[in-house]
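Colleague: The sequence shown begins at 1 in my numbering and counts up by one.
Worth flagging that the hints you see were computed from the coordinates, not collected in a lab.
Just to be clear, a hint being listed does not mean it is correct.
Below, simulated SDA-like cross-link-like pairs (lysine to any residue); rule was C-alpha separation at most 25 Å, straight line [said to hold, decoys possible]: (1) K73 to S148; (2) K375 to S148; (3) K375 to E158; (4) K65 to K101; (5) K37 to F409; (6) K176 to I226; (7) K234 to I157.
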Amino acid sequence: MQNIYILLLLIFFIKCGTLKFSSDPIVINNQNKGKEKIDESEKKNWFLLDLNKDSIPGMSVNKAKEELLKNKKGSSVIVAVIDSGVDIEHSLISESTWFNKKEIPNNNIDDDKNGYVDDINGWNFLGKSDKENMEYVRLIKNTSKNDSLYNIYKTEIEEVKNTSNQRIERGKDLIKKYTKYDSIIRSVLNKDSYSLDDAEKINFKTLDVLDAIDFLKFFKKNSLSIERLEGAIKYYNNRLKYHINLDFDGRSIVGDDPNDINDTNYGNPNVIGPDKDSADHGTHVSGIILSIYDNVKIMTLRAVPDGDEYDKDVALAIRYAANNGAKIINTSFGKSYSPQSDWVYDAIKYAAKKDVLIINASGNDSENINPGLNKTFPNDEINGKEIANNMINVGASTYMYSEDLPAYFTNFGSINVDLFAPGYQIYSSVPNNKYDFNSGTSMAAPSVAGVAAIIRSFYPKLKAPAIKKILLDSGIPMYNSLNNPDSQELVSPENLSKSGKIVNLYNALILASKTK
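Based on the sequences and whatever the hints tell you, model everything.
Modeller: Written out as structure tokens, the structure is:
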């Protein structure tokens, strides 16, 4: 009986957010480099590892769970994922999918009177639509040739056209070369399956064999495969066929007026989308969150097509999340033009009033996104002034604690990027019960969302701005000298983000326990 009383008392204290830690925070000497090479055994979970223990700049998730959270349970947290859709049938995600208890499934009635019929797991604002134009393509359709903006939009289209054609040809060339060199090695070894080590052990190496080995090394070093190259070719073909095609209209099938924020009677409750392949991105994002913390319910809001999202969908998705219990929103998407940005800003401020923390990907253009420079949307500033204190903008870091710590593609900014998080070669769920590696600030944002979910779980009384401050203050310092993703010149960590840090769960828990 006494043991039961103690257990109930412990649960009470945890639920009330009074979990205290006497441990010292992790201290890092940012003059010392980490591992030069990551082991195969570490590739799938490196973002969960600890710099001091493993020499890999992960988020100390495993360390925190083993040393601070063992045998402790917090409250469940709803995390909204605004994305391309999520495969909620995936074994990693199915048991952690948000269920709207106020709605009766499949009765074609809006039981909870929230404006969305049968929204059991969230809402699909795109309906059966999948492909879309880029925003500047939608804009140029309604812009006079005499308008100065017309040539700006036209230049964007031409650049995408040229880049896409070049990369399609490059992808085809790499596939052709791989097929050739793979055939040479298989012929010499007289077997269909072989490793790079097998190829290097060939005794008599002709020039063809040497060329083949060099190419296969290049292939492996860059994590290439025929499947990945074919996927890239498909992506760039879609850029030509849909993204910049002036004759394509991806919105007509949705049936709403995208320029009327009050026209909300559209979409459907199928949060996977028209097919599971289109839910690849959102499924990967959701898996990252759940890999960090499984006491989470994923609320899926499908608003991101293959192309640029509409401001209307983003604004309504944020409001849906805030109105239906989400405490964290992950926004792993972005674009360079936002004609109805005021709708999104209003939604962000609305979420702030509801105490919802928004974790936002900073973008993958290797650009400085500080005020007055390169714009990426959504964001939380107008003319350099922050509109709310509930958004964290995240840059992507790699597993190399060295000058190469910032991912080569990540956006950055001493004002508009708050902190960095693992976003390079992250292993997570993809549709049809599969797993794969993906890179991007799209992966860095859910890394922070997962950490934030744990803080909200164990410290539910802490407000969104307090959690934001905790995450920025408690991160581990980035390596002392870093490659600028834009120029590759060496800069200090404070040049790349406001905090100059990588998010760290262990330190965040300790700081949260001391925050009133």
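Colleague: Below or equal to 25 Å on CA atoms is what counts here, so check K375 against E158.
Modeller: Status holds; Cα separation ~20 Å.
Colleague: Given the hint that K176 pairs with I226, does the C-alpha gap stay at or below 25 Å?
Modeller: 10 Å, holds
Colleague: Are the Cα positions of K73 and S148 separated by 25 Å at most?
Modeller: The hint is violated at about 58 Å.
Colleague: Is it true that the CA of K234 sits at most 25 Å from the CA of I157?
Modeller: Answer holds: K234 to I157 is near 18 Å, not above 25 Å.
Colleague: Mind checking the alpha carbons of K375 and S148 for me, to see if they're no more than 25 Å apart?
Modeller: Answer holds: K375 to S148 is near 18 Å, not above 25 Å.
Colleague: Straight-line Cα separation of K37 and F409 no greater than 25 Å?
Modeller: 20 Å, holds
Colleague: Within a Cα-Cα threshold of 25 Å, do K65 and K101 meet the stated pairing?
Modeller: Distance of about 30 Å is beyond 25 Å: violated.
When each numbered hint is compared with the structure, violations occur for hints 1 and 4.
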